[in-house]
Amino acid sequence: MSRPNCPNCHYPQNACLCANIQTMQIKPKLIILQDPSEVGHAKNSVRLMELVIANTQVVVGETADDFAGLREQLALSNKPVYLVYPSDNSVSANETQIAQDVVLLFLDGTWRKAYKLLQLNPWLQDYPALHLDLDSASNYTIRKASRSDSLSTLEAAAMMIKAIDNTQDITPLTNALSAMVEQRLASMPAEVRARYR
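Counting from 2, one number per residue, gives the positions in the sequence shown under this note's numbering.
Honestly, the hints are just simulated from the structure, not real lab data. Heads up, the beta-carbon is just placed ideally off N, CA and C, and yes, glycines get one too. Hints should not be assumed to be uniformly reliable.
[Stated by the list, open to error] Here are the simulated distance ranges between beta carbons:
1. Q169 / P5: 16 to 24 Å
2. P123 / S38: 30 to 38 Å
3. V61 / D134: 25 to 33 Å
4. H11 / E183: 29 to 37 Å
5. T172 / P13: 24 to 32 Å
6. E183 / N79: 20 to 28 Å
7. P123 / V92: 13 to 21 Å
8. K117 / D170: 19 to 27 Å
9. P37 / T97: 13 to 21 Å
10. D134 / T24: 26 to 34 Å
11. T168 / T24: 13 to 21 Å
12. G41 / A20: 31 to 39 Å
13. P87 / S179: 19 to 27 Å
Please work from the sequences and hints to get the whole structure.
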């Protein structure tokens with residue numbers, strides 16, 4: 002029998018994060034291209050993003066056909082569109098003037114899955130790519146990453162929002178992530194928890 006979920010945050014009721022959710026309004030439009038394997042993942046940070054920023058758009062898929070509707074939407078948009086992904090062609094968001102009223106595309110999955118999404122969707126390379134200059138490690142310690150510059154999608158979004166508008170308060174996002182990390186750590190047996198500290 003499955004555990005009952007909170008009807009609002011959709012996390013299991015014993016892991017409900019509603020008390021730690023503070024909504025926020027932002028000018029950029031956030032669109033997440035999510036690998037299907039992330040949808041049911043208990044440690045998925047995109048679910049938190051949707052709770053904090055209500056108009057976050059999540060499109061689940063892998064191939065160009067899966068994103069056909071999104072491509073039409075973007076073609077009709079009169080806002081600049083950027084892909085947030087570090088590459089040889091990406092420019093630093095911290096060193097570039099970017100209008101606040103933009104569309105930001107994020108690839109949600111492990112590094113391997115995000116790279117696969119990029120390879121299966123060459124149309125994404127039609128958009129200018131942005132990367133973040135990281136001065137600290139990810140706080141998303143409950144998921145192991147193969148690269149030292151790995152960020153959760155929520156952290157990447159928060160940092161990108163701040164890079165675009167340094168007056169924007171991003172603590173609703175970072176506080177929600179911290180609450181989820183602490184909640185997950187607290188639920189682990191002590192010997193397992195020690196691996197993540």
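Which constraints among the numbered hints does this structure fail? Numbers only, ascending. 1, 2, 4, 6, 8, 9 and 12
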